[in-house]
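S.K.: Chain by chain, the residues run as shown.
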Amino acid sequence: MKLDCKHVWEHISGYLDRQLDAALLEAVEKHLENCEVCSAVLDSTRNVLVLTADDRTYELPVGYSERLHDRLRAAMRGETG
Amino acid sequence: MKAAQTTNEAVLIGRILAGETELFHELIRPYERLVYVTIFAILKNETEAEDGAQETMISAFRHLKSFRGDAKFSTWLVTIAMNEARKRLRKGKTAAEDSLDATVEDHEGGDYTPAVLTDWREIPLEALEKKELREKLRAAVANLPEKYREVFVLRDIEELNQEETAAALGINVTLVKVRLHRARIMLQKALVPYLKSEAPYVAEGKPARGGFFRRWFA
Chain A
1 MKLDCKHVWE HISGYLDRQL DAALLEAVEK HLENCEVCSA VLDSTRNVLV
51 LTADDRTYEL PVGYSERLHD RLRAAMRGET G
Chain B
1 MKAAQTTNEA VLIGRILAGE TELFHELIRP YERLVYVTIF AILKNETEAE
51 DGAQETMISA FRHLKSFRGD AKFSTWLVTI AMNEARKRLR KGKTAAEDSL
101 DATVEDHEGG DYTPAVLTDW REIPLEALEK KELREKLRAA VANLPEKYRE
151 VFVLRDIEEL NQEETAAALG INVTLVKVRL HRARIMLQKA LVPYLKSEAP
201 YVAEGKPARG GFFRRWFA
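Protein chains in written order, with the working numbering: chain A, 1 to 81; chain B, 1 to 218.
Hints were generated in silico from the structure; no laboratory data involved.
This one's a predicted model, so the numbers in the text were calculated from it and none came from an experiment.
Be a bit skeptical, because a hint or two may be false.
[What the hints assert, rightly or not] Calculated cross-link-like contacts (lysine-lysine; reagent style DSS-like; alpha-carbon spacing at most 27 angstroms):
| # | chain 1 | residue 1 | chain 2 | residue 2 |
| --- | --- | --- | --- | --- |
| 1 | A | K30 | B | K189 |
| 2 | A | K6 | B | K44 |
| 3 | B | K189 | B | K136 |
Based on the provided sequences and hints, a complete structural model is requested.
M.R.: Laid out in structure tokens, this is it:
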């Protein structure tokens, strides 16, 4: 199986999730070995995901947990009594 | 460990329903972040997200009886959070924004090609440590059309699996895959200019922190 760049791009997400079947995976990897453009697309997409998984990208507001449990307590009290 | 957690949750839920309502605080503690971030990523507003997270937890408490053990508690909670976020989005949105979303959404077959660079060097991991880059990412996620944003939030921020994401959104797994792919490509496109300019080439970038790199560099 021989893939051109456009086809490789279609499988970037599946590649990162390790969901490609064996034949497709081999074809994509072969292409990546020889194609700087697609390697760059892959690296940059992976970097987006690394950044997304960083806990500091989405942070909780200070005092969030306390306020949440206070409000819950008030709501639960209203319900039972 | 996951199985033990599920059993523990089932026990907790049983006791809460039997009247030990105080235990609800313990039940939701592991998911406080999940609920807030899910709503925040959709609404882009801290105050709204916090209020929405509180409403989600109250609603979960009120409807705990209807929770079925065949789904994971976290997935059930995310579904409630997602509905809360959608409800608030509809309420706060202007007609113009709505129609803008609609135009994008109608094009299932649109152009979802990544940004291409010819003079690319692998990004050193140090570049990803930049605070500004995280802000750019948040903004780019916030600008995704809603249906792509929802899938991205659940899969790549909350790290739900495909099946859980499909269940939480009421769509099938194939659609989850397609939308996730497009969301990632749109984000790549949006972020590449910043990744590039921030990144002098460094051959051996070492991650400063272990945890969040593991998933993508294993």
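S.K.: Does each hint fit the structure? Answer for all of them.
M.R.: Quick rundown of the hints versus the structure:
1. K30/A - K189/B: holds, 24 angstroms
2. K6/A - K44/B: The hint is violated at about 33 angstroms.
3. K189/B - K136/B: holds, 12 angstroms
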